[in-house]
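Using the hints, position chain E against chain P.
Read top to bottom, the protein sequences are chains P and E.
Residue 645 in UniProt numbering sits at position 645 of the first sequence, with consecutive numbering throughout.
Residue 41 in UniProt numbering sits at position 41 of the second sequence, with consecutive numbering throughout.
Watch out, some of these pointers could steer you wrong.
[To be verified] In silico lysine-lysine, DSS-like type, Cα no more than 30 Å apart, as pairs:
| no. | chain 1 | residue 1 | chain 2 | residue 2 |
| --- | --- | --- | --- | --- |
| 1 | P | Lys1032 | E | Lys230 |
| 2 | P | Lys751 | P | Lys710 |
| 3 | E | Lys119 | E | Lys17 |
| 4 | P | Lys372 | P | Lys480 |
| 5 | P | Lys1033 | P | Lys614 |
| 6 | P | Lys1029 | E | Lys230 |
| 7 | P | Lys179 | P | Lys143 |
| 8 | P | Lys730 | P | Lys751 |
| 9 | E | Lys230 | P | Lys1033 |
To be clear, the hints were calculated from the coordinates, so they are not data collected in a lab.
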Amino acid sequence: DQHFHEQPQFKRTILLCFKKSKYYNPITFLPLNLFEQFKRAANFYFLVLLILQAIPQISTLSWYTTLVPLLLVLGITAVKDLVDDIVSNMFKNTKWKDIKVGDIIRLKKNTFVPADILLLSSSEPNSLCYVETAELDGETNLKFKMALEVTDKYLQEESAMADFNGLIECEEPNNRLDKFTGTLFWRNMSYALDADKILLRGCKVRNTDFCHGVVIFAGADTKIMKNSGKTKFKRTKIDSLMNYMVYTIFLVLILLSAGLAIGHTYWEQQIGNSSWYLYDAEDYSPPYRGFLNFWGYIIVLNTMVPISLYVSVEVIRLGQSYFINWDLQMYYSEKDTAAKARTTTLNEQLGQIHYIFSDKTGTLTQNIMTFKKCCINGQRYGKSVPLDFSWNMYADGKFLFYDHYLIEQIKSRKDPEIQKFFLLLAICHTVMVDVSDGQINYQAASPDEGALVTAARNFGYVFLSRTQNTITISEMGIEKTYDVLAILDFNSDRKRMSVIVRESNGNIRLYCKGADTVIYERLHPRNVKREATEEVFANETLRTLCLCYRDISDDEFEAWNKKFMEASVATTNRDEALDKVYEEIEKNLILLGATAIEDKLQDGVPETISKLSKADIKIWVLTGDKKETAENIGFSCELLTDETTICYGEDIRQVKSTKNFCVGVKNVQFLKLSQQTAEEKQKQTEKRRKAEAYKEQQQKNFVDLACECKAVICCRVTPKQKAMVVELVKKYKKAITLAIGDGANDVNMIKTAHIGVGISGQEGMQAVMSSDYSFGQFRYLQRLLLVHGRWSYIRMCKFLRYFFYKNFAFTLVHIWYSFFNGFSAQTAYEDWFITLYNVLYSSLPVLLVGLFDQDVSDKLSLRFPRLYVLGQKDLLFNYRKFFLSLLHGAITSLIIFFIPYGAYLQTMGQDGEAPSDYQSFAVTAASSLVFVVNLQIGLDTSYWTFVNAFSVFGSIAIYFGITFDFHSAGIHVLFPSAFQFTGTAPNALRQPYLWLTMVLTIAVCLLPVVAQRFLSMTIWPSESDRIQKNRKKYMAEEEQWKRRQSAFRRGLSSRRSAYAFSHQRGYADLIASGRSIRKKRAPLDAVLGNAVTEVREAHTAVANR
Amino acid sequence: MYYGLSNFYQNHRRYVKSRDDSQLNGDNSSLLNPSKECEPYRTNEDKPIAPCGAIANSMFNDTLELYRIDNDTRTPITLIKKGIAWWTDKNVKFRNPTGDGNNLTALFQGTTKPVNWPKPVYMLDSELDNNGFINEDFIVWMRTAALPTFRKLYRLIERKNNLQPTLQAGKYSLEITYNYPVYSFDGRKRMILSTISWMGGKNPFLGIAYITVGSICFFLGVVLLIIHHKYGNRNTSADIPN
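Only chain P is shown next, with the shape it has when bound in the complex (with noise of 0.2 Å):
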């Protein structure tokens, strides 16, 4: 089924197409809107509602009562979705529209590329292409590509690729980043492509002028995309509470209307059918009058499914973001970013975290290596006074490195060691050089090695060039050049690499450099200085690296290199066979010294591990790379201490024996190599292909092993692995979720986690794009979760409760009435204020709650982690608390009928005038009401500002304005039918035994809460109560630490070191092969030629098998 697509047009330049999505125009936007709001339930509710409303049977309430609060609603929802709009097209953007398959494009540098696209050339010798790979799998360092050789010959010039024609045949679209097959059909001819000759949508173009490419995959079929998952609509935990709650509150709303139906059945059959003056001429049975009230109270009682609910909680929760949006303590002024809250429906969930997924690179760790100590002969060197490094003109200028005594050393050359030291520096790495501007710049495999060619340079042995078997250096300003005989090239497997150099005394040398313990291996025995170097920076989380050297004869070379020849041209284990021969060569080192390289952490992620650990949040280190840089950084961040015990997952049998002893004994730890090792996913594949149900035994095995531990680390795990993870932990735990990442390959993780946080003000953006929060530090995370996850979920935890309290309260009273009114769905209150109550007398002071309410200050709240808990226990906020408030609301309910019913039972007024009115008692319940609400939010602000007292006190002086306005005489003059309560707040609020009733009902109301407050408080206060009684004391030792300066340092824990190269070969083939020789090519215009505006098409063909 092959499938030749359009002949591709040659693309001048790359089109970053911007695509607008653009939901709403002018036009559209209210009808649009409109739609997409009656969808939403909640909404679809009201519009029936409204409709049975216009039914004269059944309609109890007048129409507006329902239509202006739905008309609010839809209003601010539809500013709200304006704004949304508005905001998210700015980011919406990026979108490689136009390319399509078969496309022949040009990139150039430092772009990104737009598709997976196969090399054809590039500007570089031989076709070559860097690319730096850091948004695909967290690796900063330059890796390269090189094309096929006879497309590196033939198709150089424009018009060669506009008449090329050949037919790819490749695999069909996956997520797997490093492997493709394909062939590649021109010319009569076949040749294999592989990985090598791929670049995938994502990498970055660097050091290649330019380079010319045919799409292969583009858009959603890329490898990245592949990798990406699907976005889904994500929901708070409380978001889903809330719905069943109003489901739950819908069904009681039925099953009461149902009862009071029925009551009113029965009440007509004994009362309403003997009443003369009732009689409405209307020949109903009582069974058909029951069924019209049915309806007649599912109007009347809709109150209690709060119509305003789901829009006051978007606009908390948009409050809220705007909060993290403005927070200066979450801005990174060195990027300047701001924290952003992407998506504004998830804040409370923030208060709510189990788990905490983080990649490492670039999100730990700052991705830059320092050469920060190193030990020569025994002698360190390394201690806090800065360096002045002006007397070297190749220093660069952001080295930073503190020892006078080294530098001292160094210039007078006294120590032999100290000058082999920084020669084998200079001369042992496959760093490529690129001379820009008289400025020198590496590009090193690996940021390690760039990091100590770095430091060579810095302490004057500085490396200019190197040819294909020749290197050449300065040293200590004197040029010299060294012939390179061989390069033992760095894998994972032999964890050193190594060159041989014939110096210009004709001496043959081989320098090594490896990890520590593949070094002192191979010592010489006679090698003293042992013992002391491997101590030197055992107790520092630094990268060790031990450096040594060999002389070797003339003859012993000459029979190795015979060797060394044979097994480079073998075809078959060529690489066995090369580790062999270095292996030969490699012994009776002698040891010079090491070298510590710190992989930078980014500020304060120690302190962030351990306060949210600390708040019972658990953290999983997810990441590309192999096990040692994990376990480093493990052990840097503080993840890892000495005392723990790792397990290692490669051994699962091993770990399957010892979950017993896991639960036994607390302080275990596993460092989890999850599934990756080759082997290890291999044994999965095939056991998922055995049995489902195996593997899901498997899976559950995992997450519970896993969750036991205290701290897990996966290493060499795959993006989609990574989301996998995520999802296992989602799926058996039920836990809520946050994955934290930087680069594309966290984007699937990111997608998959309840939240996901995008650091930002790294090069990529693209974990930012699919983020729900996103900002510039990882540190900044401790805030976001225990400041503002905490508040937001103690906020709105604190309007839900109230929110139902207050609907029931107010709702309710209509039932208590409805036993003295026959049933007949006869409001308590007027209609008006039925209108008005939800959206005018009671919901600023609950919104305002929501928005700033706050138990303990930021401060607090990041001193004492613990607080944050009571959110991952769902303590704030669950059934039990939901039928609380609605029993609150019912008594509260109760409280405010039945007093005014009492008072009024046999009441008089001033005047002797009617005192006992049905408009009179209403005004009289509504006032209860209002003041009760009011001051009972008064009671749950547990942080007043002075909005909050306005806002109080301002609802109630609005109530009772708009009451006045409502019964003058004026507005009844005008509307005589609209508004019937002409002159009862006059009448009414004038007589005082109203007010004494009005008094009761509060203090009744109230009391009982005080106390109960009162009581928690003293016998059993909560955390945040006793931390709140103490917060001055907390103040005062704040000050006191401030004035004191930490004069102490936390000791730094030790850790076992480890050397990490890159996870792949270095460039000591390229070296070999004389490829990298950097002859610059004519530049890019000359290759164009005249045909720069002529437009060719390209007769290429690609075909997805």
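For chain E alone, kept in the frame of chain P given last:
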């Protein structure tokens, strides 16, 4: 002097809404074309009913007269029938239809009396400022009660001087013209006399409630004070792990 009815559901929804406020406000078009809410008391014999609706139709129409019996002589107690309705009701909410002259009969031309009434609305009283829609008995009735057992102000008995009680101890007789049927719905009628102070009439509920709540508060206050002394200082030196 009040009259009281019990088991009379003046607060029934169907009853409460069966009125036309703009008709009662003197709106001429509503007078001749009352609101649909008044059904089935909207029209009678193709003529609009004024005042329309079930409330007006069922207006209390017993008359009560109080006599003091003094040595077998009956002296009627002066019962004041004006000033029993709210000022706003009498002057704002309820107004007679407007037109030429003050002849209510002419103004109510074209309307008919409520079905149950013996006489039309413009013959409720002889005085012009207490006749038609602004008749105070009518207004009081139209202000529907909150509860099924209610009392409404019927007449005022003025206190003549401060030295003597308004109604001296002695024999009185109450004469009732019985028009209003309550047997069918098991209702009861009452006549209540009450003395009004600045606080209104006698109302024991509030007093009892206040005393009860007050004593509970006092008791609780004492208990809480004890608790505070016992526990209050215990937690101030909190040792919270941080």
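Here's how the hints hold up against the structure:
A threshold of 30 Å between alpha carbons decides the hint, and for lysine 1032 (chain P) with lysine 230 (chain E) the separation of about 23 Å falls inside it, so the pair holds. Between the alpha carbons of lysine 751 (chain P) and lysine 710 (chain P) the distance comes to roughly 25 Å, so the proposed pair stays at or under 30 Å and holds. Taken as a hint, the lysine 119 (chain E) and lysine 17 (chain E) pair is honoured in the structure, with Cα atoms around 24 Å apart against an allowance of 30 Å. The hinted pair formed by lysine 372 (chain P) and lysine 480 (chain P) meets the criterion: a straight-line CA distance of about 27 Å does not exceed 30 Å.
At roughly 22 Å between alpha-carbon atoms, lysine 1033 (chain P) and lysine 614 (chain P) fall within 30 Å of each other, so this suggested pair holds. Of the supplied pair hints, the one linking lysine 1029 (chain P) and lysine 230 (chain E) holds, its CA atoms being roughly 17 Å apart against a limit of 30 Å. Under the criterion of a C-alpha separation no larger than 30 Å, the hint pairing lysine 179 (chain P) with lysine 143 (chain P) is consistent with the structure, at around 15 Å. Proposed proximity of lysine 730 (chain P) and lysine 751 (chain P) is supported: the alpha carbons are some 13 Å apart, at most 30 Å.
For a cut-off of 30 Å, the pair hint linking lysine 230 (chain E) to lysine 1033 (chain P) stands: about 22 Å separates their Cα positions.
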